[in-house]
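Listed below, chain by chain, are the residues.
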Amino acid sequence: AQSVTQPDIHITVSEGASLELRCNYSYGATPYLFWYVQSPGQGLQLLLKYFSGDTLVQGIKGFEAEFKRSQSSFNLRKPSVHWSDAAEYFCAVVMMDSSYKLIFGSGTRLLVRP
Amino acid sequence: DVKVTQSSRYLVKRTGEKVFLECVQDMDHENMFWYRQDPGLGLRLIYFSYDVKMKEKGDIPEGYSVSREKKERFSLILESASTNQTSMYLCASSFPPPDGNTIYFGEGSWLTVV
Chain V
1 AQSVTQPDIH
11 ITVSEGASLE
21 LRCNYSYGAT
31 PYLFWYVQSP
41 GQGLQLLLKY
51 FSGDTLVQGI
61 KGFEAEFKRS
71 QSSFNLRKPS
81 VHWSDAAEYF
91 CAVVMMDSSY
101 KLIFGSGTRL
111 LVRP
Chain Z
1 DVKVTQSSRY
11 LVKRTGEKVF
21 LECVQDMDHE
31 NMFWYRQDPG
41 LGLRLIYFSY
51 DVKMKEKGDI
61 PEGYSVSREK
71 KERFSLILES
81 ASTNQTSMYL
91 CASSFPPPDG
101 NTIYFGEGSW
111 LTVV
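Chains V and Z supply the protein sequences, listed in that same order. Here the first sequence stands for residues 1 to 114, where the numbers follow this note's numbering. Here the second sequence stands for residues 1 to 114, where the numbers follow this note's numbering.
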């Protein structure tokens, strides 16, 4: 079955440290890939997306993600985390079949130590 | 500037009641989605629709049904509400295929079943 896996439920990093959040998908073809962020009590905000082309994509707030077809992964990275980055992060994919099903991972909650 | 409207933000219903959650979008989108969001489980797809009267089951359709009689409206129905359906329900809409920038989310409906 098609699925999106975020293996880390929680991640804690120190402010200024680098960050990598993992995302793997299970699908026969290359889907559209997204990362969203949700702050407490807030809606979902799109950080970045990948459709095709350059496998390293840049997003807002200093985030980037790399698509690796061989690993079916789309990991999110940031070189230096700020306290305001503390939030929940969701990976999402669109299955590129006739109905364009949009599914999300279970999320990773990021905590930032001062 | 509201584009996806969920009719009720907060509802409290009794076990066994029939519950309707309404979602309306004003962007002429073909795709509409219903998710529920629970801590640690992320957004799980309940049902989605890619055209009027067309629907597909998501990952957790049990206990739910949907209706899409008009393009702009996608209703989620809990035929007999149960306490394990207490959750936040989120509607989304997009053009096909969902482009991250053109996926719009409602504000969510918090349902408590007692």
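Some hints here could point you the wrong way.
What the hints assert, rightly or not - In silico DSSO-like links for lysine-lysine, alpha-carbon gap of 30 Å or less:
1. Z:Lys57 / V:Lys68
2. Z:Lys3 / V:Lys61
3. Z:Lys55 / Z:Lys13
To be verified - Output of the computed footprint for chain V on chain Z, the stretches with three or more beta carbons under 8 Å from beta carbons of chain V:
4. 24 to 35
5. 38 to 46
None of these hints come from the bench; they were simulated from the model. Positions of the beta carbon are idealized from the N, C-alpha and C atoms, including for glycine.
- Holds or violated: lysine 55 of chain Z to lysine 13 of chain Z, with C-alpha atoms at most 30 Å apart: With Cα atoms ~26 Å apart, lysine 55 of chain Z and lysine 13 of chain Z stay inside 30 Å; holds.
- Counting residues of the region 38 to 46 of chain Z whose CB is closer than 8 Å to a CB in chain V, do you get three or more? holds (count 6)
- Item | Straight-line alpha-carbon gap lysine 57 of chain Z to lysine 68 of chain V, limit 30 Å | holds (29 Å)
- Given the proposed pairing of lysine 3 of chain Z with lysine 61 of chain V, does the C-alpha separation stay at or below 30 Å? Holds - the C-alpha atoms of lysine 61 of chain V and lysine 3 of chain Z are around 25 Å apart, at most 30 Å.
- Do three or more residues of the region 24 to 35 of chain Z come closer than 8 Å to chain V, measuring C-beta to C-beta? It holds: at least three residues are needed, and the region 24 to 35 of chain Z offers 3 whose Cβ sits within less than 8 Å of chain V.
No hint from the list above goes unmet by this structure.
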